[in-house]
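Read top to bottom, the protein sequences are chains A and B.
Our numbering numbers the first residue of the first sequence as 143 and each following residue consecutively.
Our numbering numbers the first residue of the second sequence as 4 and each following residue consecutively.
A portion of the hints provided could be inaccurate.
[Claimed, not checked] List time: in silico DSSO-like cross-link candidates among lysine-lysine, alpha-carbon distance up to 27 Å:
#1 A/K446 x B/K129
#2 B/K129 x A/K199
#3 A/K311 x B/K129
#4 A/K300 x B/K43
#5 A/K197 x A/K338
#6 B/K40 x A/K300
#7 A/K290 x B/K43
[As the list claims (entries may be wrong)] Across the chosen pairs, the derived CB separations fall in these ranges:
#8 A/N151 x B/G97: 46 to 54 Å
#9 B/T193 x A/T294: 34 to 42 Å
#10 B/T59 x A/N303: 39 to 47 Å
#11 B/A178 x A/E293: 40 to 48 Å
#12 A/P181 x B/A49: 35 to 43 Å
#13 A/S392 x B/G200: 57 to 65 Å
#14 A/I170 x B/G183: 37 to 45 Å
#15 A/L437 x B/L10: 32 to 40 Å
#16 A/D256 x B/M55: 42 to 50 Å
#17 A/P176 x B/A49: 31 to 39 Å
#18 B/G97 x A/L173: 32 to 40 Å
These are computed hints drawn from the structure, not numbers from a lab.
Just so it is clear, CB atoms sit at the ideal spot from N, CA and C, and this is done for glycine as well.
As a plain string of letters, each chain reads:
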Amino acid sequence: MNFFERMQNLDRRYIFILVAVAVILPLIFPLGLPTYPTPPVESMFQHIDAASNRKDKAILMSIAHDPSTMPELYPMEISMLRHCFERNIKVFLIGFFPQAAAIAEMALKEVLEDYPDKSAGVDYCNFGFKPSAIMIPIILGMGDDISKAIETDAQGNKLENLPIMQNIKNYDNIQMVVEFSGGSFGGVWITYARAKFGVDVGCGITAVIAAQTYPYLQTGQLKGSLGGLKGAAEYEKLVDIFAKPQKTFSRKKLTDKQYLKQFPLSKTTYKYKKARIGMDAQAVVHIMIIVFIILGNIGYFVMKGQKK
Amino acid sequence: MKRQLPLIIVIGLGFLFVIHVFVPHPISQDFFDWFQKWIKVISPFALSLGIMSLTTVHYHKIKKKAPNWPYSYVTLIGLYVTALTGFIWGIEEGTPFMWIFRNLNVPMGATMFSLLAFYIASAAYKAFRARNLEATVLLIAAVIVMLGRVSIGNAISHWIPDATIWLLNVPNLAAQRGIGLGVGLGMVATSLKIILGIERSYLGGGD
C-alpha cells in the first residue's frame, strides 16, 4: 500500500482528533482575528437601534430553539439584550419551545448582572413559554392587542397591568420581531405578522440554514439576519463599538482604525465576546477542512492516474 | 361516520378560514377569535396524549426487554423527574428545574450538535471529490464560501468575501427562490386537495 492509498483509507478517528485540537486550541489561546460586519447584520443593528429611548416601541425576541443550537444562537441573544439595555429599548421575550423559556431566563439573568437598574415589567418582559400549537393564534392576536393575546408573563402577572405595556398596544409598537431558530428563519412571522400587520421581521439562525434567508433579505421581508456564529460575532462587535459607547452607527467608523483602537477585545467581558473567540476556532477548522478537501482530491487523482 | 365526520369538519373549517381571510366582517372576526380560544383549550390535550404515548411505548419496551430497553428507564426518569421538579419548585432561575436544564440539557444538546463538525470534516476528506463538472463547481464554491465566511479569507484578498457575497446573493438566491416557489405552489395545491376532500390520506387507514 503506497502513501496515497494509505491517505485515502485514513482512519477517520485521526481526523476527529485533528478537528478536536483545531477547535480546542484557539478557544484556549484566542488568535484575536478581526471581525468584519456584513450588510444583513448592520441592517439588523440599525433597525433595532432606531428604537433607542422610545417609550412607544419595543423589540420582540422569539426564542425558537433548544440547547443543541445554543453555541451559535445564545451569543446573539446575549448581544441583542445588551444592545437593548444599553440603548433603553423595551424588550419582550417569548418561547414557543419548553426549553426556549429556560434559555430566555438564562440569557436575561446573565445580562442583567451588568444592568441592575433594569427591572422586569418595566424595561423588559419575559412572556415565558407558550405552546407551539397556539403560536399562530398568538401571532395573529398580537396584531390586535398584545396584552389580550399573551395574557400573562412568565411570572403569571397580567400583562395589561405592567408599566412596560404603557404606549404598547400591538405590532404598531413593535420595532422588530427577531426569531432565533436552528431550523426556520422567521417564516411564520413573515407569513402571518408581516403580511397582515406589516411588522418588520429579522432572524438569528444557525449557519446551516443561513443560505435560505437571502431571497427574503432581498425582498425586504427580512430586515436583517444574523447567520451562525459569524453573525453573532459581528453583532457583538457592533454593540461593543456603537451601542456601548452610545455612538450612532456609521460605516465610516467601521473602517476607521483610530476609532476601532478605542475598543480592544481584551477590554470586553468574556460573555460579550464569546462568539468572536469562537470564530477563531471556526476559522482554523474551515482552513483545516479546505486542506482535507485538497489532500483528499490529490490522493483521488493520483490513484486514478495510477489505475489508468 | 368515523371517516365522514372528520372530513366534514376539515372541509367546513377549511372553507370558513379561506372566507375569513378575504371577508373582514365582524362576524368573520368573532368566529376567528372564538376558534382561537378553542385551539388554546385543545393544545394541552395534545401534550397529555404525547406524554401518555411516550410512557406507554417505553413501559412496553422495559416490560418486553426490547433491544436497548435500559435507555427507556433514562427517558422515563428524565421526563418525570424534570416535570416534577418544575411542578414542585417552579421553573425560575435557581430552582432544581433550571439546575437540570443548565447542567444536563444544555451540555448534552450542545454535544450532539457539535458532533456535526467532526462528521463534516471527515466527509470532506473522504467523499468531497471533483469527480465531474458539477461536483467541481460545488467544490470550488464551497471552498470560496468557507474562506469568505471567516476573517482569514479577507486577509488573503478582499475578492474572497466579495465572491462569497456574490455566490450567496446570486446563484444561491436564485436556487432558493425557485425551491421556495415550488414548495409554495405545492402547498397551495395540497391544501386545495384537502379542503375539497380529494386528498384524504391524513385520515389514516385504507379505503
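*For this structure, which hints from the list above don't hold up?*
2, 3, 15, 17
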